[in-house]
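Number of protein chains: 2
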Amino acid sequence: MFNSMAGFNSFNEILLFPFSGKIQPILATTAEAEAEPAMIVAGVLLSLVVIYIASKAGGEFLNWLGFPPVLGELVGGVVIGISALNLVIFPESGADSSSSLIISILETTAGLNPDAAEATFQVQSEVLEVLAEIGVIILLFEIGLESNIKELMQVGIQSLIVAIVGVTLPFVGGTAGMMLIFHVSAVPAIFAGAALTATSIGITSRVLAEINCLNTQEGQIILGAAVIDDVFGIIILAVVASLAKTGEVDVINAIYLIISASVFLVGAILLGRFFNDIFVFFAGKFKTRGRTVVPALTIALLMAYVGTAIHLEAILGAFAAGLVLDNLDQTEVGRELEELIRPISDVIVPIFFVTVGTKTNLGVLNPAIPTNREGLVIAIFLIVVAILGKVACGFSVFGLGKINRLAVGIGMIPRGEVGLVFASVGSSSGALSPALDVAIILMVILTTFLAPPILRVVFGGEKAEEVPETSG
Amino acid sequence: MFNSMAGFNSFNEILLFPFSGKIQPILATTAEAEAEPAMIVAGVLLSLVVIYIASKAGGEFLNWLGFPPVLGELVGGVVIGISALNLVIFPESGADSSSSLIISILETTAGLNPDAAEATFQVQSEVLEVLAEIGVIILLFEIGLESNIKELMQVGIQSLIVAIVGVTLPFVGGTAGMMLIFHVSAVPAIFAGAALTATSIGITSRVLAEINCLNTQEGQIILGAAVIDDVFGIIILAVVASLAKTGEVDVINAIYLIISASVFLVGAILLGRFFNDIFVFFAGKFKTRGRTVVPALTIALLMAYVGTAIHLEAILGAFAAGLVLDNLDQTEVGRELEELIRPISDVIVPIFFVTVGTKTNLGVLNPAIPTNREGLVIAIFLIVVAILGKVACGFSVFGLGKINRLAVGIGMIPRGEVGLVFASVGSSSGALSPALDVAIILMVILTTFLAPPILRVVFGGEKAEEVPETSG
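Note that the protein sequences, when read in sequence, are chains A and B.
For the first sequence, the residue numbers in our numbering are -2 to 469.
For the second sequence, the residue numbers in our numbering are -2 to 469.
Worth flagging that the hints you see were computed from the coordinates, not collected in a lab.
Note that this is a predicted model, so its numbers are computed, not measured.
Mixed in with the good hints, there may be bad ones.
No copy labels: a pair is met if it fits in one copy or bridges any two.
Once the Cα atoms are required to be at most 25 Å apart in a straight line, the calculated SDA-like pairs of lysine to any residue come out as [to be verified]:
1. Lys242 with Leu177
2. Lys282 with Gly269
3. Lys284 with Arg453
4. Lys282 with Trp61
5. Lys242 with Val181
6. Lys399 with Phe179
7. Lys242 with Glu31
8. Lys284 with Phe64
Start from the sequences, fold in the hints, and give me the full structure.
Right, dumping it as structure tokens:
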């Protein structure tokens, strides 16, 4: 999986093109032929086939090993991406069409004209990027739908404190460490710190259910804190990503951003009744196909647009839309919605996870190359802070007698999909060096791998009970 | 809705750029700034919001009037497109970013840099084109899933004859008329003839169900013939589209294409057992989310790719995949699949229909401009052939006593979504002039509008019974 030459090349190329997050000009040399629409579609179709095979092969394999499937989708992406097979690669890594296996297959099987290869590669990559972005928008919309505001109010002060401590310690520890020990500049250091704050609701709740501990006091505190974490995390992410655009940390701007992100989120929730009424009205009146799912998606995409337009993040808007429409939990249309979003999410979200994997260049951590060693050390540092910070937050639980505080802390460790969202936003903002980007992804992978088995141990080996498999 | 100036401009521009189906070079002038990824995403999000609003507003309104919702999505597209509001427009019509209202909104609300407007417009348009193409792939996959091969074998000789006559008469009449009366060259004439062959299963079966005639002898013959029509139609389409690529009709090439399209379709069906076994095996073994829908979609996209790669059409492959996986009807996983594809189709297919509408430039038929009048006459001619050809095929039913042959013919009239697929493929192949393109779309719209009320009359006003509304 380590392809040191490829890694080395693209590392250099990224150094030469510091704004690699930006899309390169489409026709680098005007002498080249333009891309035929049929070939662009063929390239996207073939890429999607490869992405889906990687997502299912990886997801099912890791699930069979007892790990969260989302890690498998990521690993599947690493296998087909820049680190190994070069099937699905992106120009932002400095790659061109000649290193894309998909383009070679198109030339061999579909008669793609080699002169049009570069243009086809560029446009196809842009389409896949947008599909991945829509994937993460739907992911956050679904996470929003699953987080219930009322329940969030009820989990109480314990979860809130665990969440605050669990966000603050890793954030401060990570950012300070990056700046003081590794002399990284402020914006990437803050990004690394921010990526340490996430907690994956999905992975934690799944493991707790498996070991039959969802309804213990510890389980309830963990879940509540994980949800609050998501809200804090997404505000931090929106602020950090916005800072990354200017490249410098301006305290007044940061405060302004924190306020605007919070106002946006709180405003969306307060306006929730209004959005809900609109949604229920239309979904109830409509008679044609897609009467529930199209209005819901329209609201999600519209709020995602507003999130982008006010220079925060599309995913903040999508998350807010999910929180808002979740008030419908009790209504028939609300239950229907969660069920209908599921298959849509099942086909679009893996594009995001696999894409993150394909862009992860493990080559930049190859220890055989001396300049890479710092990246490895950073990765180890981030992993240590990620684990210690969250374990410590478990001990902030107060006043409850014989509660297993270690278990609470361990339960907060897995970063999962939310951590990947951080890494992806950071990477595409151009703020993270490739080594820091990969270090963050390694941190996400390792925390997510480690938490489930340790959680089983610290909860004292309650007899595992099979959860019904989610279908779809 | 008639915007004669806009229509006139883009008509001229299309004359200047005869290969308007091809994507224009992305950076027309290298002095312009490149597109920022966040702005591309913002443009796509906003376009999708507008597309969904248009699809639901149009679909629900026409459904309320008693017409098929798909027509409403098309009309919604016309309203937001090049004919009227200029919200969602495409460069292939000769439009640039300055006439796109979405781009203006991005500049005003999201701070899009005007220098990057052109590049953003181009990339955003390409992404929407690919989404529309994936939409029509999913549409044909779903139509394939709904067509049952076994039932197709059983509807018998009557349906087969009605289908053959109902394909041959309009095809020959349309093509000959276009060439002899209007002196149109062979490829566009054949395209126009081919577009006349389609029959919409969806619209016909819905109307028959509404007037409670699905299970009459006439209803069964119509449905069987409509399904066989689709199979013929898609083979004809693949052949015609392939001819359009070379621009000339070579008899040997045409025969080769007919054989390869038929072999592909028959081969896919014969290999169906194998595909089915693979699909059922994986869907049965998989435990993670998307275990049914992702393998099915992967097969559909792979076969769509094969369809493109062998220079036929992606939709031929998707249709074949649907036919093949439909064998599962009896299995649990098969029923699950149809249910899960539904919401996915509900969100992606409208992008196709609305996009066809946005590209329909009604301005080219504005009778106030003398050069447009021929297009109007062509539209009227196509509509007459479309109706007479199908009505005549009803009278090819033989040997059955007091059957309502007129009703059979009328039932075959609505072209619906399949006709739109023809128009869209023809338009993007560059073979059709804008006037002919719009004439075909008008023919599709009018036949689809006319059939339901006439069908109610000729079936003798059986008491209409409410069909349960399809949800989703």
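Hints, verified against the model:
no.	hint	in the structure
1	Lys242 with Leu177	within (23 Å within a copy, 63 Å between copies)
2	Lys282 with Gly269	within (20 Å within a copy, 41 Å between copies)
3	Lys284 with Arg453	between (48 Å within a copy, 21 Å between copies)
4	Lys282 with Trp61	between (44 Å within a copy, 11 Å between copies)
5	Lys242 with Val181	within (17 Å within a copy, 55 Å between copies)
6	Lys399 with Phe179	neither (40 Å within a copy, 90 Å between copies)
7	Lys242 with Glu31	between (31 Å within a copy, 16 Å between copies)
8	Lys284 with Phe64	between (42 Å within a copy, 12 Å between copies)
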